[in-house]
Amino acid sequence: AQSVTQLDSQVPVFEEAPVELRCNYSSSVSVYLFWYVQYPNQGLQLLLKYLSGSTLVKGINGFEAEFNKSQTSFHLRKPSVHISDTAEYFCAVSRETSGSRLTFGEGTQLTVNP
Amino acid sequence: DTAVSQTPKYLVTQMGNDKSIKCEQNLGHDTMYWYKQDSKKFLKIMFSYNNKELIINETVPNRFSPKSPDKAHLNLHINSLELGDSAVYFCASSPRTGSNTEAFFGQGTRLTVV
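First to last, the sequence lines map onto chains A and B.
Numbered continuously in this note's numbering, the first sequence closes out at residue 114.
Numbered continuously in this note's numbering, the second sequence closes out at residue 114.
This is chain B alone, in the form it adopts within the complex:
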């Protein structure tokens, strides 16, 4: 039973395309996140949702739009993909918004833009 699952695991696409990455958690958590890991393995938060409400929106291009249909799902849609978007995208969830709660991560989606 995968706690935080992302699909697809690998995504290769051409510049200019629009793509989506899906994330689902079955832990009953209230808060979900998207993190980006670049080629140097540096991890940075992109978005955070709490009960379907956006609470963190880092300086991310408008081409990135998260959508949370319910608190168990947080999808990431990317428009007009660019070469620099190539990275591993991790979805995560935590029981609540408090800073003393750990985050549970998915396996990651490796996005390659060619």
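Isolated chain A, as found in the complex:
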């Protein structure tokens, strides 16, 4: 079975500062990787996904993530955050053999302060 670990449960940053949200996964087979964002009292929205090809993936709202197979990581980055980026961020994986079942990490609460 696969698992996902988000290394930081909370990340406070100041506005316009860069941010990195860390995600590591464990799987014995190839996986596909996703980052979702959840704003307060909202559903989940896809930020970006890695399926194959270039290991640097660009998503919406200026976010990007880099897939590192040797380190089994898929860290999310943004060079300059805004107050509106305050939300819960979830890393998720799916396996080729598990259909579209997503296994989620425990989430990272990003709080952007003025």
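For the record, the hints were derived by calculation from the structure and aren't laboratory data.
Where a beta carbon is used, it is the ideal one built from N, C-alpha and C, also for glycine.
Okay, derived cross-link-like pairs now, BS3-like style, lysine-lysine, Cα gap no bigger than 25 Å in a straight line: (1) Lys49(A) - Lys41(B); (2) Lys67(B) - Lys19(B); (3) Lys49(A) - Lys44(B); (4) Lys36(B) - Lys49(A).
Now the stretches of chain B that chain A is said to cover, found in silico as 3 or more residues with beta-carbon under 8 Å: (5) 37-49; (6) 104-112.
Which chain B residues stay away from chain A? Per the calculated CB distances, all over 12 Å, these: (7) Val12; (8) Lys22; (9) Pro61; (10) Asn62; (11) Pro69; (12) Asp70; (13) Asn75; (14) His77; (15) Leu83; (16) Gly84.
Given chain A, work out where chain B should sit, using these hints.
Relative to chain A, chain B alone:
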């Protein structure tokens, strides 16, 4: 135009009651899911249906019974509600069953059992 819609958004009920949550998607997707988000915001898949056929059934109590009258709808019926059922339930859909497809989530239904 809401792509994946759930009703109700909030549901407060007493222990022992039976309740249903409805989900509809207008994206033309073949696959629909129910996820549960607990009080610590951890998300876990419960069920998945593909073209009205059950394809994923995680270890969920028998009190939970999904029903898919057509591929655009996946309802969740819960019998004999317990305090531990309190959570946010998310419906989601994806174009097909493949693991490289993203899931589109509804806004969630916050169920509180008292």
